[in-house]
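K.L.:
My request is simple: use the sequences and hints to build the entire structure.
Those protein sequence lines, which keep their order, are chains W and G.
Per the working numbering, the first sequence runs over residues -8 to 105.
Per the working numbering, the second sequence runs over residues 88 to 204.
Since the hints were derived computationally from the structure, they do not count as laboratory data.
Idealized CB from N, CA, C, for every residue including glycine.
Please note: incorrect hints may appear among the correct ones.
Label pairs and their in silico Cβ distance ranges [unchecked claim]:
id, chain 1, residue 1, chain 2, residue 2, range
1, G, D146, W, G90, 17 to 23 Å
2, G, T97, W, I29, 28 to 34 Å
3, W, P(-7), G, E170, 18 to 24 Å
4, G, G103, W, K69, 44 to 50 Å
5, W, P93, G, N154, 34 to 40 Å
6, W, I29, G, P182, 25 to 31 Å
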Amino acid sequence: EPEVTQTPSHQVTQMGQEVILRCVPISNHLYFYWYRQILGQKVEFLVSFYNNEISEKSEIFDDQFSVERPDGSNFTLKIRSTKLEDSAMYFCASSEMVGPQPQHFGDGTRLSIL
Amino acid sequence: GENVEQHPSTLSVQEGDSAVIKCTYSDSASNYFPWYKQELGKGPQLIIDIRSNVGEKKDQRIAVTLNKTAKHFSLHITETQPEDSAVYFCAANPPPNYGGSQGNLIFGKGTKLSVKP
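P.N.:
Structure (structure tokens):
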């Protein structure tokens, strides 16, 4: 069964450094998402992406965050200057079509900011 | 914006018993309600979903019910097995904001289900 893959599984970064989290969505999917989950808390929406532009973003997704689809398969989340509170699990998800559709999640990247 | 409340936060049942997890949502315009199972070290896995034009949906041992008037939906797992032990999340998909064409998922806080053999 096709799946969303994320790399790395764990990223440790010094505060203030830039980090890029990578995702390969399911190949025929058109919509891509990033969510985060702070330890012990609920999964929170960050951003959705369609047709090479941001479709929707939450208030968490401020100017230090950016997303990109650099080629036909990868979807990345960049955090420019990491803060301690950015420590969380970051999940990528994708869905096949427009509208409320099943979103399929990867296994996440654990980001630890020191 | 949309807010999803989920109860209980933990649930322990004996193998073979049923488990019920309940969620309420605040935005009456939400129209899609998925349920996810998250095992340790894994991402959320979609197990069942329901749309606002349907009151109930069943898939083998799992069923979901939706009451639009009361704005609540529930997950029912029958004949529970130890492998059902995991954290379960409900979510709601409100209409998109700012002209976007795909709404995001708003999650509940999760229910840790433990099935004892």
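K.L.:
Are W:I29 and G:P182 spaced within 25 to 31 Å by their CB atoms?
P.N.:
Since W:I29 and G:P182 have Cβ atoms about 26 Å apart, the given range 25 to 31 Å holds.
K.L.:
That 34 to 40 Å hint for W:P93 and G:N154 (C-beta), does it hold up?
P.N.:
The hint (34 to 40 Å, Cβ to Cβ) is violated, given that W:P93 and G:N154 are roughly 22 Å apart.
K.L.:
Could you tell me whether the CB distance from G:T97 to W:I29 stays inside 28 to 34 Å?
P.N.:
Check failed, 19 Å falls outside 28 to 34 Å.
K.L.:
For G:D146 and W:G90, compare the CB-CB distance with the range 17 to 23 Å and indicate the outcome.
P.N.:
The hinted range 17 to 23 Å holds for G:D146 and W:G90, with Cβ atoms some 21 Å apart.
K.L.:
Is 44 to 50 Å right for how far apart the beta carbons of G:G103 and W:K69 are?
P.N.:
Roughly 48 Å apart at Cβ, these two residues keep to the hinted range, so it holds.
K.L.:
Kindly confirm whether 18 to 24 Å is satisfied by the beta carbon distance between W:P(-7) and G:E170.
P.N.:
23 Å Cβ-Cβ, so the 18 to 24 Å window holds.
Hints 2 and 5, counting from the list given before, are not met by this structure.
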